[in-house]
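Assemble the complex: chain A is given as a structure, and chain B must be docked to it using the hints.
Chains as they are written, first to last, in my numbering: chain A, 1 to 366; chain B, 1 to 310.
Just so you know, these hints were derived from the structure itself, not from any lab.
Note that the structure is a prediction, hence the values are computed from the model and not measured.
Please note: incorrect hints may appear among the correct ones.
[Stated by the list, open to error] Pair ranges (Cβ atoms, derived):
id	chain 1	residue 1	chain 2	residue 2	range
1	B	L73	A	S315	35 to 41 Å
2	A	R296	B	E92	18 to 24 Å
3	B	E92	A	V187	33 to 39 Å
4	B	Q253	A	S285	55 to 61 Å
5	A	L4	B	F277	55 to 61 Å
6	A	P279	B	G150	29 to 35 Å
7	A	Q338	B	P183	42 to 48 Å
8	B	T63	A	V187	51 to 57 Å
9	B	F172	A	F297	35 to 41 Å
10	B	P183	A	P279	57 to 63 Å
Virtual Cβ for every residue (Gly too), placed ideally from N, Cα, C.
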Amino acid sequence: MTFLTSEQVILLTGIFAASSCALVGSFLVLRRMAMMADAISHAILPGLVFSFVLANGPTLFVGIFGASLAGLTTVVAVEALQRTGLLKSDAAIGIVFPAMFAIGTVLVTRYFSDVHLDADAILYGEIAFSPFDLLIIGNTNYGSYPLIVLMLMTVVNLLAILLFYKELKLATFDAGLAAALGFSPAVIHYGLMTLVSMTTVGAFSAVGAILVVALMIVPAATAYLLTDRLGLMIALSVAAGAVSAVLGYYAAVAFDVSISGMMVVMLGILFALAALFSPSQGIVSKLFRRRRQRERFAADLLVMHLHHHRTASESPAHLAAELDWTEPWLARIIDRAQRDRHVELRDGRIALTPTATKPRTRSLGR
Amino acid sequence: MVPEILSDLVFDYTLRNVALGSALLGIVGGVLGTFAVLRRQGLLGDALSHTALPGIAIAFLLTNSKAPLVLMLGAAVAGWLGTLIIINLVRETRISEDSALGIVLTVFFGAGIVLLTYIQHNRGANQAGLDKFLFGQAATLVERTVLQMGAVGLVALLIVAVFYKEFKLLSFDPEFTASLGFPVRWLDVVLTSLIVAAVVIGLQTVGVVLMAAMLIGPAAAARQWTNQLGVMIFLSALFGATAGVAGSIISVQAARIPTGPMIVLCMTAIVLVSILFAPARGIVWEAIRLRRARKRNLERRRAELRGEPA
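One chain only, chain B, in its complex shape:
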């Protein structure tokens, strides 16, 4: 069974593309999610993936093309616009951040649904496939799309490598970063744009709704195993890729299991294991430590009561 799966991974066209695409999403989502989670912006990814929907629809309406690159561009522009609105709502009005996220997310999504139905009713069969972005279409990934996703992901990772020191500072101490003279607002924009890139990759694979899990999950799991940013980024990418490949394999092996949700469930399993069993932070070890300490205290107290020196 296992060798069979491994050979399928390499030689089966569909599985190879699905697994590669999902692993790619896991890596890019994992790396960028690390910064998002540390900056408590995990849900921004969720909002951005929903705002992408009208962008995809408008890109299609304008160009009449379903080329992934065109649709990705539309998604990115819409995601960007959504972020801009969220940032300004929080800065200029008394709307709190979570409400701003919720408003932009739902209104953009509503507009996206309106546009999708418009396309459906006016362009007829031509729209088929656009609504696949809701749940992703990992199973139908073709080699060219995977390569394009890889290119976008590679650029995003390179930018992270170049600005690593700045992003690290920004994530842990934005005030200090500003006081050192770094252009904090620009760094913020760059980092957010990279998250948009990750979301755009994710739309192809897990879809709008489940994208949040692929940004937050790997980083939240990785956080439990280490206190070092570099190690956390590496682990996060590893966890993301593992979930992507595992989910693809399971969904291809079993009948009628959608790929996107399966990847997310694998990711959730990794998070749960990390929370329970990660050394130092895991709940299980913590409980054992607590029990031991309690026992030790109890024995010491008994000894005291018997009049023995502690």
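So that you can see chain A by itself, here it is in the shape it has in the complex:
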């Protein structure tokens, strides 16, 4: 992959970082383990440092192995603490990951403060360096090292999800049933956590420890607001991740700021749009729906009221007083009922239309 320009490498690195993360992220969001991902991403720091020492430099497989091990250690430690019954889950997470991160930071400042490993870079990474970080085996240059790792992780995650889709789905939505049917939820859980740890390590050099969590959780949460189907949710979250990677790159170049940071800001914008305007879940959509329902209910009430009184017609002022409605609200409801052809105006008075004299009131379910 030496034929790519550095801009293409950065874009592709971003896209594959977002894709590999979004693939596992959907399950994290559905299993309510978002903060566990946060804990893992911080906790891999000591793992990276140890493998750095063991391998005498940053190497691909030792690094992924060491960091994944640290990630799994975190999961096991958090769960062990919870099982003692002495700590709740949030306290357990909040004790384990700062401790791991502190160990990592102490090791880095004490032994590597003048080496390549830098605590700032670990926190927010630098995707702009990805074209210059080359994978060279023997004398052959295989191109950008982070890009290759992230492409690999995307394939691994995709394969894992395709192969174990049924099991993952079952264990996510009904762990009890999964256990009863003989699929060990524990195996699936730790399998997923291994994937999360490996993906975190892979995406880490490009986007850093905290933003990698954003790539996992935010696109998945965005997709979760848009659909009820798991398959579609995964696809949408990958798409949201990739789109924000591209948008974030160009925005970052335009404003001369951090690329990975801008990618996350774009993810945040997409999420905000979904949270506000998703047809089924959006806050604004809900407001509109509630308003429509209130109007419809009031229009039905108006029809029933007129029907009850069996008068030929009533004046608006009288209606407003009787129903205890304000004038503008009454005007709006009359307008709505007129559009539905349930009432009509006769000489400035309101009357039922012939078709509505026997109203099928939706509100009463008839």
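Only chain B this time, still in chain A's reference frame:
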């Protein structure tokens, strides 16, 4: 060695400030963390400390000042905004609480990184020091900052003292609190704002990432030793302060040990000791009790089998 450290604590300018600042953080974090942990909101502190970052950057961009008070204010406003978003996401959409925390935490942090790089590229050398908030800057605390932190902390503690009864009710039984006619939502806002204050103090010392430990650690440790809220708050403040002072001393004594992480490691040690050895709840005592009970049962069973009356 020991008397030397003690005299350094009083007379060495740097160590005195670092230790005082860290102890202060330990006390305020310990007291407010007690409520956060009891209400299972420990990770809210983590989210709030990350959301503070863009607040700090914007405060700097607006005022061009690096005065701690200005930056603290920016951090507090951003933390507040983050909390508001988290609460509304959970209430209005089907996003679960942990996802809401994760989303706000990471997106605000990402925005903070963007702003920091913007400042770096456009204001040049002027930004130096802003990124210190990531890991804290305990070693560079000056007397004035410590005094300002002390003032913020004192106000926070006073408010806790005034609303003690309300906060206690809220932490153990929010429904009952509401049924008694207390303004639960307001109390919630006050308590959360106080946590923001603790976070703002912590940013100066341990930094964004490790702040969670200073809220959760002391309270989680204190919980193991007592079932009384008052005692728990006192112990929590004590543990927090101990970790703060111990961490400062170690990092000043040994070369190239960062203060923030060292404080957090001391805190972790206190938590581990508490979980293992606290009377009544400790794992070790529990295991011993279990073994004794098992032995007693076994002997009783043997006696029964031999036909002896139990």
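Hint by hint, where does the structure go against what was stated? Just the numbers, ascending. 1, 6 and 10
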